[in-house]
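Colleague: Below, each chain spelled out in residue letters.
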Amino acid sequence: MITVGMDLGTQRVKAVILKNDTVVSRGQAFSGFDPTKAAEQAVGEALKKANLKISDVAYFVATGSAMEMAPYANSTVSMMGADAKAGVHIFPKARTIIDVGAEEARAVKCDKKGVMVDFVVNERCAAGAGAFIEAMARALEVKLEEMGPLSLKAERASPINASCVIFGESDVVSLIHRQESKPEIARAVFDAMADRISSMVHRLGVNPDVVLVGGVAKDVGFVASLKRKLGVDVLIPEFPDFAGALGAALAAASRAKEGQK
Amino acid sequence: MKSEKVEKKYMPEISRKEIDELRNSVKTASQKIMAENIERMKKADPNRPEVMKYFDEIANLFGQRQKEILAEKEKGKKVIGYMCLFAPTELILAADAIPVRVNSGWYDTSKLGDRVVPVEVCPVIRSTIGAKMIELSPFLELSDALISVLTCDGMTKLSEILSDYKTIWGMDIPRVKDSSQSLRFWNDEIKHMKAQIEEFTGNKITRKSLKAAIEQTQMATKAFRRLQDLRKGPPVIMGRDAMLVNQTYLWDDKKRWTEKTEALCDELEKRVQRKEWVCSPDTPRVLVTGTPMFWPDNWKLPTLVEEANPKGIIVADELCSGERILNDPVGVDEWSMDDMLSAIGDRYLMASTCPCFTSKDGNEDRINWLINKVKEWNVQGVIYYVVRGCMLYGMEYTRIKKALDKINIPVYYLDTDYTREDVGQMKTRVEAFLEMLTARVDF
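Chains as they are written, first to last, in this note's numbering: chain C, 2 to 262; chain P, 55 to 497.
It should be emphasised that the hints constitute simulated quantities derived from the structure, not laboratory data.
Incorrect hints may have been included.
[What the hints assert, rightly or not] Examples of chain P residues toward chain C, derived with CB under 8 Å:
(1) 362
(2) 363
(3) 482
(4) 483
(5) 485
(6) 486
(7) 489
(8) 490
(9) 493
[Said to hold, decoys possible] In silico EDC-like links for lysine to aspartate or glutamate, alpha-carbon gap of 16 Å or less:
(10) P/481 <-> C/35
(11) P/127 <-> P/198
(12) P/265 <-> P/388
(13) C/110 <-> P/459
(14) P/96 <-> P/74
(15) P/314 <-> P/104
[Unchecked claim] These stretches of chain C come out as covered by chain P in the derived footprint (C-beta under 8 Å, 3 or more residues):
(16) 75 to 82
(17) 106 to 119
These numbers come from a predicted model, not from an experiment.
Where a beta carbon is used, it is the ideal one built from N, C-alpha and C, also for glycine.
Could you build all of it, start to finish, from the sequences and the hints given here?
Modeller: Below, the structure written as C-alpha cells:
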C-alpha cells in the first residue's frame, strides 16, 4: 500500500512516500506565497522518483503550519503527533522528540507506540528556532551553513540573551564591538538557543532516548550545544527535516488500514 | 463623582475628539465581534435552546442591559462596579444598588493602556485602563463607584489609576487564607464596606434587606450549579453557551437571570431524557483554568477548542470569569446582622481559589477544586490558559501540573495575549492537545 505524508512548513514543504511502512522517496519545495502549489511540486517530485502516479496513493495525510492548505489531503495530523510517530518509527526507544524548525521549536513526550502524551512549544518568539540562526549569520556576515562548523572552533563561550531575536541581534552586535571572534559569537548563538530549548524540554522531563528532528538538526553547531545543555546523547535521523512528513505518511498508513477494516 | 478638572495622577490628557473617534471605532469593531461570536455559537449547535436568545441579548454590551441600567440610574439608583469577584455583591444589592463587574475583554483597548503602563503588565489591566480612557465600557461608565480588591499587583495599581475618574473603595485582602487574623481582618473590611456603601447610596442595609439579598443570590447559585451539574454527563450544551450564561450574571438583573437560567436547565433536562447531545459523547472533555476570559473579544480559546479538528467540548472551568462566579453560596446559621456579615466574609475569602493566596499548604483549595472537577465532570484534559504578564497564574502552573500528573490528567500550558494575531499558532497547539486526548481514548 502506498501512502503519502506532506509537511507544509513555514519555509519548505516536504513530502514522503511510504510503501508498506518503508520510505521509497522524498520530495521538497520552497513554500513561498503558495504552499498548495509547493506541496503539489514536492509530492510530484517524490512520485516521479518512485515512478508512481497520484492514483497509486491510498491515503494522504498533511501536517505542518499550513496543513489546511494541503492538496490531496484525506486528513491531517498535528505536527507534534507526526513528530512522535516518526521518532519512534526510526528509533523505537525514543521517548522525547525535539523538533526545531525555521520558526518554531517543540518537544514531544511519547510512549512506545509513538503516541504523544505531552508536548511543549516555544513561546511566541522565533529566538529558539532556525530563523534566529539565519538572523545571526547575517549579523556575522557568514553563510548560514558556515555557522555550525565555525562555532565548533570556539575556545570559550560568551553568554548572550536569546529571549528575542531583536535583543539577541543587539547582543551579538555588542560582542562584535567587544571584538570577540566569529567562532565564539557563533557558539554563543547556538548556546543561547540550546539553553532555551533545553529548559523547554526540562518542563516535559528529559526521557531518553532523546531524538532531534527538524531542519536545524542538520546544524552541527546547534547539535553540539544541545548535547552539552541537555547532558544526554541526542539521536538524529538521516533525514531530520523529513520527520514531520514521515510521521504524516505513517499516520496515513494506519488510517488507510483502519479504513479497510 | 469626582470633577473632571482635578489633575490626573496617571491618565494622559486626551482630547474629546480623540476619545470619541477611538471609542466609535473600537465600539464598531466590538459589535462585529460580538455578533460573530454569537453566530459561531449558533452554528456550533443548530438546535441551540430558544432561551439562549435572551443571554445573547444580555451579552450585547451596548444593548438592552445598558439601557435598563441607565433607566434605573435616572430613577435614582446607584451603580457599583467591581473588578474582582471578592466584592461582596450581596451588600450592594441590599443597599438597593446595582452591582456590575467592569473588567475589560476588549483587545484593542489594551494598546491604549500602553500609554499609561508598561506592555509587560497583564492585558486585562491594560485593556481596562484603555477602555476607561476612551469611555468604551458601558458598565464602567455607568458605575458611580468602584470596588477594587487588592489581589494581584495589576489590580492593586489599576484601582489607583481608575481613581483619576471614579470614587474607588479598595478592599485589602489577606494573602494567607488559613489564619484566624486573616478572617478577622477581612470581616472588618466587609463591615467597613457595608458602611461605605450605606453612606454612598444613602440606603441603610437592614437585617431584612441583607437577608433578602443573600437569599436572592443563593437562588442564583442554585440555578448556576444546576447548569454546571448538567454538564457532568454527555454534552447537552456547548461549553461556550454555558460560559456565556455564567458570565452574563456579572451584569444582568439577578432575579431575571436566575429565572432564565432555570428555564434553560428545564429545557436541557428534557434533552438529557431524549438523549439529544450537542456533539458526540466521545468528544474530548476539556476543563479550562487560569487567567479570566472576558467577553466579548477574549472568547478566542473557547471558540478554538469547540471548533478545532478534532473538536473538544468545554465541560467545566475554574475561572473567576466563569464557574467561580457563583459556585459557593453564603451559608448563614442565624439571620442576625453579625452572622450574615461574617457568613459573607467567610464565603468570599475561604471559598476563593484565586492564586493571590497562599497558606500552609499553598493554594491547596485550587488543586482540590480542579481534582474534584476532573473526577466528577469526567474531564480528560486541562488547558491552563495564561495571558502575558499574569504572574500569579503563570507561577502556580508547575504545582498544578504536578498535581494533575498524579491523577494522570494531561494539562497544556497555553500562553497568549490580548491579540487576534496568534489564533493560528494557538490553533496548532489546541488541536495537537485535542488529538492527544483523542489518541488516549483510542488506545
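Colleague: Decide, hint by hint, whether the structure agrees.
Modeller: Results of checking the hints against the structure:
The criterion of a C-beta within 8 Å of any C-beta in chain C is not met by residue 362 of chain P, whose closest approach is roughly 10 Å, and the hint is violated. Taken as an interface hint, residue 363 of chain P checks out: its beta carbon lies about 7 Å from the nearest beta carbon of chain C, inside 8 Å. With 8 Å as the threshold, the beta carbon of residue 482 of chain P comes within range of chain C, its nearest partner Cβ sitting at about 7 Å, so the hint holds. With a cut of 8 Å, the hint placing residue 483 of chain P at the interface with chain C holds, because the nearest CB-to-CB distance is about 6 Å.
Against a cut-off of 8 Å between C-beta atoms, the interface hint on residue 485 of chain P holds, since the closest Cβ of chain C lies about 5 Å away. A hinted interface residue such as residue 486 of chain P counts as satisfied when its beta carbon comes closer than 8 Å to some beta carbon of chain C; here the least separation is about 4 Å, so the hint holds. Interface hint at residue 489 of chain P: satisfied, since its Cβ lies 5 Å from the closest Cβ of chain C, which is below the 8 Å cut-off. With a least beta-carbon distance of about 5 Å to chain C, the hint placing residue 490 of chain P at the interface is held under the 8 Å criterion.
Satisfaction of the interface hint for residue 493 of chain P is found here, the shortest Cβ-Cβ separation to chain C being roughly 5 Å, below the 8 Å cut-off. Between residue 481 of chain P and residue 35 of chain C, the direct Cα distance comes to roughly 21 Å. Violation of the 16 Å bound is thereby established for this hinted pair. As the CA atoms of residue 127 of chain P and residue 198 of chain P are separated by approximately 10 Å, the hinted pair is consistent with the 16 Å bound. Under the criterion of a C-alpha separation no larger than 16 Å, the hint pairing residue 265 of chain P with residue 388 of chain P is consistent with the structure, at around 10 Å.
In summary, the hint linking residue 110 of chain C to residue 459 of chain P is supported, as the alpha carbons are separated by about 13 Å, within the 16 Å threshold. The hinted pair formed by residue 96 of chain P and residue 74 of chain P fails the criterion: a straight-line CA distance of about 33 Å is larger than 16 Å. With a CA separation close to 11 Å, the supplied pair residue 314 of chain P and residue 104 of chain P stays within the 16 Å bound. Given as covered by chain P, the stretch 75 to 82 of chain C passes the check, having 6 residues with a CB less than 8 Å from a CB of that chain where 3 are the minimum.
Restraint check on the stretch 106 to 119 of chain C versus chain P: 5 residues with Cβ-Cβ distances below 8 Å, three needed, restraint holds.
Hints 1, 10, 14 from the list above are not met by this structure, while the remaining hints are.
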